[in-house]
Structure formats: structure tokens, C-alpha cells
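Asks: In the order they appear, the protein sequences are chains B and C. According to the working numbering, the first sequence is numbered sequentially starting from 184. According to the working numbering, the second sequence is numbered sequentially starting from -19.
Treat the hints as calculated values from the structure; they're not laboratory data. Among the clues, some could well be false.
[As the list claims (entries may be wrong)] Here are the computed lysine-lysine pairs in the PhoX-like style, where the Cα-Cα straight-line distance is at most 20 Å:
no.: 1; chain 1: B; residue 1: Lys203; chain 2: C; residue 2: Lys272
no.: 2; chain 1: C; residue 1: Lys272; chain 2: C; residue 2: Lys201
no.: 3; chain 1: B; residue 1: Lys203; chain 2: C; residue 2: Lys268
no.: 4; chain 1: B; residue 1: Lys203; chain 2: C; residue 2: Lys321
no.: 5; chain 1: B; residue 1: Lys227; chain 2: B; residue 2: Lys203
no.: 6; chain 1: B; residue 1: Lys506; chain 2: C; residue 2: Lys201
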Amino acid sequence: MVKKLIYLGFIAIFLTGCFKDQPSLHDRELSIQLFVKYEEQALKNMPVTLRTNDYNLSAYKDTTDSTGMVRFDDLPFAEYSVDIQGEATIQSYLDSTALDTVMVTASKILTPGNNELYQDTVHAIVSGTSPGIKINELYTCGPPNKFFYFYDQFFELYNSSEDTIYLDGMVFCRMGTWLENVTYIFQFPGEPMGGTQDYPVPPDSFVVVAQDAFNHREEIFNGEKSVDLSNADFEFRNSLDYGDYDNPDVPNLENLEEGHTLDFMVGVTGDIILIADGSDVNYVDGIDPESVLDCVEYSSSSTHEKDIEDIVDRGFAGVGLIKYSGQSLERITPGFDTNNSTVDFEIIESPTPGYQHE
Amino acid sequence: MKLSAKIVWIFLVISILISSSLAYENELFSAVNFFEDQYIKGYKKSNLYDVSLNPAFFKTAYTENLTVYQISAQRQLNLYSRYFDPQSEDDIVLDLDWIKQLSKNSTLVAGVKYNRSFHNEVNRSLEKNYYEHYFALTDTTTGDIEYQGPQLSILYNHELADQFLLGLEIDYGVERGLKDIYTECETILRNIDMRAGLGYQSTDGHTYAGISARYFNRQGKYEAVKEYEDAFVKTWFGYHLYFPENPRSTNRKDDDREGFQLGVQFERKNILNSGFGFRFSGDLGAQKNTTKVGRPTFTQPRGYWEREGYDLTGNIYYHKNGIYGQLFFTQCDYYDWASPKTYDVLVLENDQQISRFGSLVSIDLFQPLELDAGFEIRSINTDYTEHVADFQYNATRNENFLLLGAAYNLNPVSSVNLKGTYSTLQPDFHWEGMDKINVMGLQAGYGRQFVFGKLDVNFTYQLSDLDNADDNIEQFGVSIMYRK
């Protein structure tokens, strides 16, 4: 006590204005209380996950109580993202006396102030995602190398439905900021919407779409790194790019954009990828949201500002993805899709073309 | 002359685990390290200036012109190293100092020092000493870091009237560090340390009293860049939690420090002509540190911390008839608190009390032989808490130091000396799983007086034997000093 008085006297006399007051609150005394609602209905027994990028801490998980409230205590003061997904029983739209069980989802960024208790309400929405063709893995960042090699990029698709789906005529896009900005558009062979059925994808199976379908591991890196894409199911091909490698044994996705002379190359640590059913190939006015089957935005930066519309992806994956590291982005389980790439994807240390990481 | 040299040696031993390259870290209560001042080393017995660093008392201790040129080199092999330590360190110091008595009333001191330090195979750390930073910066590579830069110092001491003394001292240093592989982190540190003091001396020259003030400021800039692969720059909050900085072409850290210190001093010499005397110095101080990290054009707060405390030093000494003995004690007590980013909360606290008691005796009765002996007992109480990581370390560590030394005058112009030290240290939580460190040191030297001045050559060897570890830490050093 005497010691404190000495310090205080010293600071009061000589250093007033130079130093800050010592905070009275200890860190890890933050409580976050969330009320989870669907429209005005409280959602009970709903799993809630809190994550922070401010520290290397694991996620905090809990479940809402009967009033739709969940409380997390003893948290460090930091910015959090809250993610909610689960089944909810809500009033039916068609019959007000009946109940429907639907998948709901919600996410929100929480920025507590300097108070011990932070309260907020999180509104969930029906997830709107249905089983089907999903972009299951994105390998974009390139293998470890010092000559900017990232031409071994590939995308893995997965059929999460119980039916066979045909890829004929579907389009694969690299997007700009919004759905109306199409940067690249390539199309699977065949006619869309059932016109032809030459490229089936059975339930629970993977399809690998390579930028260039050859063995990058052997031919570029002497077997040390990168990935063998010689057995890819499809490869991107731009006939206007005369140097673009074309594996004659692998069917091509052809460029649709007039005057576009590049292969399907995407940003190594940030971009937006979209697959649509092919009913809208008029890329000039963007892609019809109704035709979108799946869309994934990714960025290595935690402070990245979300670009693409929430209707196709409410988050973004890839925070912490390292350029030229050989890392890849894959859904946490095959086809897992809550329409929020922030929670759907995780970074894996090496790519897994055609299969799911363990 | 011998006393301060012993103290220097003891503190060199004490600071074995601290790199000799701390010269650029102007800490609060830096008096703990003031014994390392090169021109003082081996020159005279301890005095009120040594104890307090009040420049007003410089001329009461240094009454003659003096020129000292010294070059020293040291190699430390960290065969055992902590996670963020270098595998070895090489330090070269060139030190030039001049003391000039301008007149009966005025003394001017100037010093130029050039340091070059190589930290080899530093694992992850972008700090010179990771374990001394609450908000340290690391990456994911291992590389060599070279530090170099000059330090300038000037001291002016003036006797205003017969009994009043005025002193001003300014130290300025710049250091640049560069890591040899990516992230090729470049560090630039700029330090300024200013002291001003007023002193009173009685007409008989036996009583001294003074007050002093100190202001210091340190600015540090770090820039870690990437080439092809990101090297994951992290900012640590304490020693258990970190924030992964966003991958970007350049990560910039601004690490600024500012502090103040106020001191009082008193000395009474040769009480009743008995040869006994005592001196006392006390300081109160505070420092603040701000750490920001981000891109070069815009850095964001990562941490803020303050240190407040006091430092007391007392001596009782006897100097008569070829015997110089002293008892000394110090009590340094400080408290650190830190808050993270922009939140006004305590992320970590560190309450530390360091008590030291010891004695040094120098006997010059058996010419041509001089004998020295000393000991020190140190108690360090640390109460360190990281609130987010839920880490607490509360322990009292005891450390002991022994010194034995002898100097033999071969003839009127040349002498040899041999000194040995033995210490037992109890490391703190930074040395995980380590209970005790035994440190043995040896110094052998030869000195010869020439017409143009005196030359001294000294060789040192130090072995730190760590309990619970197969490897140890070795240190070799050599110094050549010219004195006139």
C-alpha cells in the first residue's frame, strides 16, 4: 500500500499527463451474452461458436438455452466472430398451425468495448443451402518455390446430394467484387440443364478440375513438391492462349469470354470462385444468382472486407493462408456447406485432389 | 582502484544470461548495469557517481585527465539455448573515452563507442532478446542477425561555487540490425539518455548531498519483409499468446519507450577520521512503452505497458592503511502492467523485488601481492501473471556469488592478475525445467606501464553449467586497454 502511494505521488507530481491510468479490469473477464433469434422467435438448443483471430486461442462453443440465450464467460477482450448453425423448428409458411424443421445459420462480428458485459442479438436465417455440387477444395497458393509457380492450381467439386448430377454445360467463374462482375468464365463441355448427360457425378464423389492437367510434381519439381494433376477429370483450356497446355486425355472447360487470352488463373491468397448451372452464360451483365450452385470467397487477411453478396457466400475462407506454401483450402467435411465459407473451410497443409483430408 | 573492478566482474557474471549487447536498451534504473562503464573499469574505487550516476559528482571522483582506448571481443556459445535464443553470439566493442579537467572548476568527459554484434542462428525471434519484451515480434525462419552502431556520450561537470556542483550528461546511440534471410528484418533503434544533477559538498570534502533527474527515450523501428513465401510474422502478448499478423509485403513494428527518474544522494566520508564512510542513493522512476504493428504507412496498437518503481543503493565502507572493504545493499522494486491493443484492461502484470547484499574486500598490505575477495547474496521475488493465457509465476529465487582475486606486481612497471568467480543462479520460468545454473568464471591478465601509457590485456573464460541439461554455455573474451 505504501509502495503504491509512493508511486502514485510520484506520478501525480511529476508525470501527470504523460502516463496512462492503470486499468482496473483484468483481461479475460469479458462476458458475452447473445440472444439468438429467427425473425422474432427465440432459437433454443442452437449450437453457437465464438472465434477470435486476435490470439492463438481455440474456439468457444456452447448452446442456447430455452430462451434462446447463450452466455460465454471469462473471455479475453478481443474481436470475435460468432457462427451459428443448426436445425430449428419454426412455424410453417404454408400452414400457420404446423411446424417445419429447417437448417438455420447466422454469423456476426462482435466488437466488445471496455465493459465487462457485452450483449447482442444475432438473427439467424434459413441457410438456403441444399445438397448438390459443391466446390469442395481450392488449391490456389502454389507449392513452395522461388519462381512464382502457381500453375498447379486446381479445384475439387463434390456431389453432396443423393442423386447423380451432370456437369454438362455448367460454368466455372472467377468473380470480381460482385455477382455482376465476371472476371473469367469457362464452361464444361456439353449442353446445360439436361441438354446432354455425358459427364455424370455420382453421389458422394469428387471431380478434380485442373488449371493444367499434367504432373507438376515430377515435371517441374522433380518429385519433391506440388501435385500430380495428370489424372484430373477436367482442365481449363483457353484456345486464345496459344501457350496453354492441353492434355488430350482430359476433357476441357473452354473459355467463353471474348478477347480473353488467359488460362483460368486465380489469386493465390484471395479471390472469389463460383460454379453455376449454365442457364446464364451471358457474362456481360453478371451471373444470375438463381443459377449459382456454389460460391467461395477466400482471403488470407483477417481484415479483408467481404466482397461477394451474402446470398451466395456469407463469409470468406482462408485467413492465414500462406503464399507458395503448398497449403490448400478444403471443406471441413465433404460437401459441408452452411453458405458461410468462414466456417465451412479450413486450411490444410497439402492439397488432396480427389479425396478428403483426414 | 580494485573495488569497482571487482564489482564489474561480479556483475558480468550476474549478467551472463543477458547479452552484452543490451547497451541500446536504456532501462529504468539502469544503475544496476553502470559498473560496466569501460573507462571506470579498473580505474578507481567506487564512489557516489558510480552509485547514483548523478553527473554533478563526477569530478569529485575523477580528478585527473584520463584517456582510455579499449577494444574487446567476446564469443558466446549457447550449446544450450532457449527456443528464441541464438546458437552463438560474437560481440566486438571499440571504446574511446577522454576525461579532461578543463579548469579547477570544470570537467569534461567525452566517449565514443562502436558496437558490432553477431547473433547467429537466431530461432524465430526478431528481437535482440525475445525474453525481455512483453510484445515481441517473431517470424518462422532461423537466421543470422548482425547489429552495429555507435554510441556517443558527453558529460560536463561544473563547480558553481565552492560548495555547489552542477552536472549534465547526455548519451546518444543508434543501432541497426539486419537479418540475413527473409524476412530480412531490419531494426533501427535510437536512444537518448539525459541526466542532470545538482550537488553539495561540505568545505572539508567529507559530506556530499545531491539530487538528480533523468529522462530517456528510445525509438525502435522494425521492418520485416517477405520474398516468395510468407514467413508468418507474429506479435506476442507476454510469452504464451500471440497474434498472427496479416501476411503482407512488409510488417512494420514501432516500439517506443520514454521514462523519467528522480534521485537523491548522500555520502559521508571518513567519519571522525576513522576511515569509515557511507553513501546512499535512491531513485524513483517510471517508464512507458508503446508497441504498434502494421504496414509501413499505418501501424496499429498492439500493446502498451508501464513500469513504476524505486531503486535504493547503500554502501558502508572502510578505507585505510591498505585495506578497502565495503558492505553494500540494493533494493530494487518495480511493478509492470500492460494492456493489449486498444482495450483498457490488464493483459499482464509483473511485480518484482530484487534485494542484494554483499561485501568486497581488497587488501594491499603484502606488496607486491594484492588480494581481493567478495560475495553477494541476491533474492529475486517475481509475481508474474498473464491474464489471458491464465499463466502465473510466483517464486522467490536466491542467487549467490563468490569472488577471489589476486594481483602480483612483477616489477615497478608490470603486473599480472588472476581472478575466479563462482555463482549459483536460479533461472526463472523462461528457462523451462531448469532448476539451477552454476557459473564459473576465470580472468587472467597482464599489464605493463610504458612511457606513452599503460597497456592491459585480459582474457576471460566463463562456463555456465545448467542442471537438467546435457549442454552448457561457454563464453570467451579478450580485451586490450590503453590508458593514459
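Asks: Against each hint, give a clear statement of whether it holds in the structure.
Replies: Quick rundown of the hints versus the structure:
1. Of the supplied pair hints, the one linking B:Lys203 and C:Lys272 holds, its CA atoms being roughly 16 Å apart against a limit of 20 Å.
2. This hinted pair checks out: C:Lys272 and C:Lys201 have alpha carbons roughly 10 Å apart, not beyond 20 Å.
3. Proximity of B:Lys203 to C:Lys268 is assessed by CA-CA distance (about 9 Å); at most 20 Å being required, the pair is judged to hold.
4. Between B:Lys203 and C:Lys321 the alpha-carbon distance is near 14 Å, which keeps this suggested pair within the 20 Å criterion.
5. The straight-line distance between the Cα atoms of B:Lys227 and B:Lys203 is roughly 44 Å, outside the 20 Å bound, and the hint therefore fails.
6. As the CA atoms of B:Lys506 and C:Lys201 are separated by approximately 25 Å, the hinted pair breaks the 20 Å bound.
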